[in-house]
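**Q** Same order as they appear, the protein sequences are chains A and B. Its first residue numbered 81, the first sequence is counted upward by one per residue in this note's numbering. Its first residue numbered 5, the second sequence is counted upward by one per residue in this note's numbering.
Think of the hints as simulated: they come from the structure by calculation, not from any bench. Even for Gly, the Cβ is constructed at its ideal location relative to N, Cα and C. Incorrect hints may have been included.
Only part of the chain A face toward chain B is listed, based on derived beta-carbon distances under 8 Å [unchecked claim]:
| hint | residue |
| --- | --- |
| 1 | Asp129 |
| 2 | Ser165 |
| 3 | Phe169 |
| 4 | Asp175 |
| 5 | Phe178 |
| 6 | Gly179 |
As a plain string of letters, each chain reads:
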Amino acid sequence: GENVEQHPSTLSVQEGDSAVIKCTYSDSASNYFPWYKQELGKRPQLIIDIRSNVGEKKDQRIAVTLNKTAKHFSLHITETQPEDSAVYFCAASYDMRFGAGTRLTVKP
Amino acid sequence: EAGVVQSPRYKIIEKKQPVAFWCNPISGHNTLYWYRQNLGQGPELLIRYENEEAVDDSQLPKDRFSAERLKGVDSTLKIQPAELGDSAVYLCASSLDDSDTQYFGPGTRLTVL
Numbered sequence: 081g082e083n084v085e086q087h088p089s090t091l092s093v094q095e096g097d098s099a100v101i102k103c104t105y106s107d108s109a110s111n112y113f114p115w116y117k118q119e120l121g122k123r124p125q126l127i128i129d130i131r132s133n134v135g136e137k138k139d140q141r142i143a144v145t146l147n148k149t150a151k152h153f154s155l156h157i158t159e160t161q162p163e164d165s166a167v168y169f170c171a172a173s174y175d176m177r178f179g180a181g182t183r184l185t186v187k188p
Numbered sequence: 005e006a007g008v009v010q011s012p013r014y015k016i017i018e019k020k021q022p023v024a025f026w027c028n029p030i031s032g033h034n035t036l037y038w039y040r041q042n043l044g045q046g047p048e049l050l051i052r053y054e055n056e057e058a059v060d061d062s063q064l065p066k067d068r069f070s071a072e073r074l075k076g077v078d079s080t081l082k083i084q085p086a087e088l089g090d091s092a093v094y095l096c097a098s099s100l101d102d103s104d105t106q107y108f109g110p111g112t113r114l115t116v117l
């Protein structure tokens, strides 16, 4: 089955800085890669996703890049704000496996 | 449009008791997922349905867990008997089809004493 690894497990940045979270996957059959944000005690919420026919996708301060050859994809958050603080999960569509999560803390 | 509905939101039981969770997906969504999320970890897929067919249940502990999705709409996940290690949040999600955006329900927080 699919194996998704996510790094780093924790990330602390100053407000206004950028944050990057990386994931690798193992199964080349995966063709859909969503990113979820989960605040404490709440459900995961989709923030951005990318399909394997696209190399990059951007939505305001959030972007995702995909390298199919290397089997990795990354989440980029620019101009971080305190409300970006949460746990972020990546996932890969084959078997729908999730990464272990990254706890992002944005310090004001 | 109503989102994914789950009930109950919280459940506390003693070990060896049975428990059941219910999920109503977004109308028209063919794919339904049950996940288990332990504290500090990512969601772990338990079972995936395409309409009423379970197409991926490889991670479901079949000795004590069972699930059904009658008529391809609502779904029930059951644990019998529950063990201490089953304490977790059980999340239901649905999507139009696989490899499409998943929408999660609020989850059921299970505590086994």
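**Q** Which of the numbered hints above does this structure break?
**A** 2
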